[in-house]
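Peer 1: Listed below, chain by chain, are the residues.
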Amino acid sequence: MTTFETIDPELGPTQVPTLAPPRPAWRNTWRRFRRQKIAMLAAIVIVVITLAGLLAPFLAPHGIDEMTSEFMATFSKQHWLGTDNTGFDLYSRLLFGIRTSLLASLVAVALALTGGVLLGLVSGYVGGWVDTVLMRCTDAIMALPGLLMAMAVVGILGHGVFNAMIGLSVAFMPGFARLVRGQVLAVKEESFVEAAKVIGARSPRIIRTHILPNIASPLIVQAFVSVGFALLAEGALAYIGLSVQPPDASLGSLLQQGFTFINNTPRLVLVPGIVIVLLSLSFNAVADGIRDALANKERVADVGAQA
Amino acid sequence: MTSILPGADRTASSTDQARPLLEVSGLSIDVQRSGSPLRLVSDVSFRIDAGRTLGIVGESGSGKSVTAMSLMRLLPSALRISTGTVSFDGQDLAHLSEPQLRRVRGNDIGVVFQDPQNSLNPAFTIGNQMVETIRAHTDLSRREARDKAIGLLDRVGIHRAASRVNDYPHQMSGGMAQRVMIAMAISLGPKLLIADEPTTALDVTVQAQILSLLRSLQDETGMSLLIISHDLSVIAETADEVVVMYGGQIVERGEVVEVLTAPTHPYTEALLAAQPESTVKGMPLATIDGIVPNADAMPAGCRFNPRCAYALDVCRETAPPLVEVVSRTTTSVRCVRHSALTLRGVGIAVDASSPILTVPKDPDAAVLLEAEGLSRVYALRGGRLGRKSSFHAVDDASFVLREGETLGVVGESGAGKSTVGRMVLGLAPTSNGTVRFNGIDIATQRGEDKRATRRDIQVVFQNPYASLDSTMTIGESVAEPLEVHHRGTKPERTARVAELLQQVGLDPSVAGRRPHELSGGQRQRVAIARGLALNPKLIVCDEPVSALDVSTQAQVINLLRDLQDRFGIAYLFVGHDLSVVYQVSDQIAVMYHGRIVEMGPADQIYHSPKHPYTIALLGAVLSIDPRQRRLSSATTTAPGEPSATGCAYANRCPQVMDLCRTVVPMPVVVPAPVDGGEPVTVRCHVFGAAVDS
Amino acid sequence: MIRVIVRRLLATIPLMFLITIGTFALAQAIQGNPAQAIAGDNATAEQLAQVTEQLHLDDPAPVRYVRWLSDVVHGNLGDSVATHRSVSSEIARRFPVTLSLAIASLILMFAIGIPLGILQGMRPGSVLDKFLLGGVSFGLAVPNFLLGTIFVYVLSVRNHVLPASSYVGFSESPVEWAKHMLMPAFSIALVGGAEMARQLRTGLVGVAQEDYIRAAKARGLHPARITIKHALKNAAMPALTIVGVRVGYLLAGSVIIEQIFQLNGLGAYTLQAIQNKDFIVVQGVVLALAAIVVLTSLVVDIAYAFLNPKVRLA
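Chains as they are written, first to last, in my numbering: chain G, 1 to 307; chain X, 1 to 693; chain E, 1 to 314.
One chain only, chain G, in its complex shape (with noise of 0.2 Å):
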């Protein structure tokens, strides 16, 4: 057990005082994030789209694959969002298709994000040969345009939703790993990683309490931003029938199965475009929400700075 040698004699001994507990940073944030009408809205229309979604097998009034006599019906009191030509309900493959969709983007963006933040810090905080390495690698992943990448890794697992997941995951890695790799670059040279290194911090320690943690705002942003492209791109691939397989439904393969129909029954297109761009509206709004409200902190250590 340490004892510490420098107790001040003029203080006497010390009585050890109780210290607030910190606040969270995280609710001065989420205060400014509150403030923001649009990006509230937005993440409103998210968590209620996202519940529907979730809720979809209690919600769907219909099965996903479940035939009804009518054909083409439009919008009615059994069928609020009326058929298909198969006889299908659409509000029902609507919910179900938004959980799809929903659920390919996420996973395919939290992927990305752990492979790229591994890969941006490896990078970053280790520099040398590894890092160019690794960025001459990143590089050339992205010299593939992204949907393209997406596409080949589809191409090569075989069609079907989770390898799209899985292809969009890996289009979407280099860019994170870029941004981690950037913000590293400029932390690591930050005088309290320094100051942590004098101390005798050793790497581990700095990257998990020094590096993460100041990385972490625009890695938020970044990932609200990816999920909205992550959307559209799932819908692209669906919308070329590499996504989901029938009868399973998703936002683009609903859009791609309305195409066909879009002369004399536009709905069945209009219901499922609406509704992803207004979801993907709503990530975007998300994030620029979140960077407000970030960077206005900043702003209030800067005014602060001059007292």
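Bear in mind the hints are in silico, worked out from the structure with no lab data behind them.
Quick reminder that beta carbons are idealized off the backbone N, C-alpha and C, glycines included.
One or more hints might be untrue.
Which residues of chain E face chain X? A partial, calculated answer using Cβ under 10 Å [to be verified]: (1) Q209; (2) R214; (3) H222; (4) I228; (5) H230; (6) K233; (7) N234; (8) L307; (9) K310; (10) R312.
Below, in silico cross-link-like pairs of lysine-lysine (DSSO-like), each with a Cα-Cα straight-line distance of 30 Å or less [stated by the list, open to error]: (11) G:K188 to X:K537; (12) G:K197 to X:K490; (13) X:K490 to X:K450.
Knowing the structure of chain G, use the given hints to seat chains X and E on it.
Peer 2: What follows is chains X and E alone, placed relative to chain G:
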């Protein structure tokens, strides 16, 4: 006499000095925000007569820069002039239309900003920007404007102006860029030049050159000058009248000698006393308790009352008006007690019988840190065909630091002083030479030994905003060294954090706060507490007070000295301000361009410098006494670049010999003079020759 | 400047090399059994052996890679598994269509992005800015395939304003070319234009805080001059760097858009190949697309170096 300066023909008429050129009255500035606007500057009034210089001085947050920028309505969009007039040459600038104002900007009033390199557009040549400005206000052709620009650059002391006019801003040093800014600001012969912290970003010798240049231009053209500075010595050196601002108000205003030699406001007195120059070495610096208030939390009554040594109840209740001082000719003051107080001005040192003296140093203390032939070399890719060259950030630096002592390392930007500190800390690799700590070469240490040495050498960085992780609380930051070295249990660490915070004069409750909730001085105290946590033997202080206001700076210096006396910690104190370094140091090493040019006892260096560079450096240090101005307007050309061969100072040295340009001088011990003192080490051929003969 | 260009050019070589390795590996992974793919599903063991023998398919992968690379360097990308047609000549035949689409999209992207970005950046926070910001957000959120679909429905099927499909060469009839390109190009360009507007706005808002803008104001320069000359050049530089990335997105977008508008370009070719698991075509077309992206970003980087005095004079 012909002059290229358009205003020069005005010199004759500037003899009637009482003509007011600029008269500001009742100026208030608000910041727009949700809810009610917040007042940043209240009821500011002053005037500048033709050909005169007015200085505005204040700490950060005093409103001085906002006031200056508002005169030409250059405020950020959130700030607005809410009341008052700015009458200039018969026009009210506060209420002119934008097109009318454009004719005044640059034409009748020129502005020079704090950060010259960022004030020039990086995408265009300086010539392009000067021509553009001249042509915006005259009918000159492009060719004529360019010739005029070259003439102006030549006038502000830029060598080979005809070719440098094609340079981009990033190709110029800070001092050069400021000369360009000045050339641009005076290009249309303005009647008034506003200089907002014109030398704050510059080195002290460059500051002296720029201020000399401004004075010589003023002599030539008869323009008026408005200088804004946080640095009293700049104001004392240049101003005829001074305005002292605090908390968005003028607290004292008057003729500069009158105000600074016999202030009538307690803040002015405190500001003067807090300057290192006002204190006999070894005595604690006078401080101003507390911190500058924020605009949204101004104290009731007199805004200075919580920090004032003379405050009475009345000061806390009623806001004092700015009134003329009956016994003075020019001074106005915002203090209800001014007639009852006798305040100390410049030139009177703090009471010498003050009881607190620093503990005398033990001359036989053991050597703690020893650097020998320390070098840091960067390979530069450059030149034609990618030929490699090298750059010595630090070249052959040797020094000794004894236990409990302070070695001050002083130099201008690029001198390599911070690199020396970083090499001692192990943050920068050494290209050559050794650092011995307690007699052991730290480069040879591994594992636990290395960690033990790391524990004994701690750091306090310059910028307290960057050296604390904003994602951690203060308590977590201070506890981090203890955690890393597994000292104590969690409750013990918490107790130790509280103890450390108390030792640096902070309330232990700040442990739960986050860095941005604290002021700069408080943050620097936290950084010191963190440095103390492992009971180090040495703390490297890398410009620890440079980012702080003068009153806060004095508090931190006193704290560092107090801790040294109590715990026997040695400091390697890196700084650019010679008067600050002198106050804290036992020994001083003066660096120029990577080499230690002179090293010895602090008093010796400060009072009888040997090396021509040290002499120049000391000569450039300005006094806060306006009766002791040091600068002339004579020398205004930019000095030469550091020499690549031989002595780096050769191109600037008044005593230069042929030998200096070719052979690098080696350190020479100059023996103590017969009338006392100690020997110093000098790297200069002037002394080398003396020893040889 | 020359050194900057040379260094940038040299860096492209290992990058292209890495890309060929990646492409080759990708193609190998798509088709686990190339002989089977080439000979067809009903091939006999003899036929399989013959194909393997002919194409040296039993050589180790590095040997086949080197052989393929040397073919690539000589401009031979192999023959399609499905159609047995030369991939190089197929790419050459289809390239003008995709190039047309890409150029038309780039033009539209600039035409959308630059004015909107400047309008927003000049007065951030104004009603106009907020209105345009809404438009930009919308542009970023609408998927190109939905946009294309709606265009076809509204402008072709319902109103017959613009042709819904097929390609007319620019040299044949520029007007017809433009008519045929407008909808597909706009469908692809909207996202890029919105992104560019956003970037430019952010850049202008950031530059407006710079000291040199205040200093220019203090010299009495006209606000329009300050925005057009002083702010735009500095704000445009970061916006320029994303053009290289954008070209990649345009190409990716063309895959779907060519499908919707029935254009026989590289995108449609890629999609077919992936759907058919035609690994030789995938290999060739992926390499071609990657080379286009790398070349574009090379050009962009050099242009950037030329515009930025700090790099140019380095």
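Peer 1: None of the hints should be skipped; say for each whether it holds.
Peer 2: The hints, checked one at a time:
The restraint placing Q209 (chain E) at the interface with chain X holds, with a minimum CB-CB distance near 8 Å, inside the 10 Å limit. At about 6 Å, the closest approach between the beta carbon of R214 (chain E) and any beta carbon in chain X falls short of 10 Å, and the interface hint on this residue holds. A least Cβ separation of about 7 Å between H222 (chain E) and chain X falls short of the 10 Å threshold, and the interface hint therefore holds. A least Cβ separation of about 12 Å between I228 (chain E) and chain X goes past the 10 Å threshold, and the interface hint is therefore violated.
The restraint placing H230 (chain E) at the interface with chain X holds, with a minimum CB-CB distance near 5 Å, inside the 10 Å limit. Because the smallest distance between the Cβ of K233 (chain E) and any Cβ of chain X comes to about 5 Å, under 10 Å, the interface hint for this residue holds. The interface hint given for N234 (chain E) is met, as the beta carbon of that residue sits about 5 Å from the closest beta carbon of chain X, less than 10 Å. For L307 (chain E), the shortest C-beta to C-beta distance to chain X is roughly 8 Å, which falls under 10 Å, so the interface hint holds.
The interface hint given for K310 (chain E) is met, as the beta carbon of that residue sits about 5 Å from the closest beta carbon of chain X, less than 10 Å. The beta carbon of R312 (chain E) comes within 9 Å of a beta carbon in chain X, closer than 10 Å, and the hint placing it at the interface holds. Restraint check for K188 (chain G) and K537 (chain X): satisfied, since their Cα atoms lie roughly 27 Å apart, inside the 30 Å limit. In summary, the hint linking K197 (chain G) to K490 (chain X) is supported, as the alpha carbons are separated by about 22 Å, within the 30 Å threshold.
Under the criterion of a C-alpha separation no larger than 30 Å, the hint pairing K490 (chain X) with K450 (chain X) is consistent with the structure, at around 25 Å.
Comparing the model with each earlier hint shows a violation of hint 4 alone; every other hint is respected.
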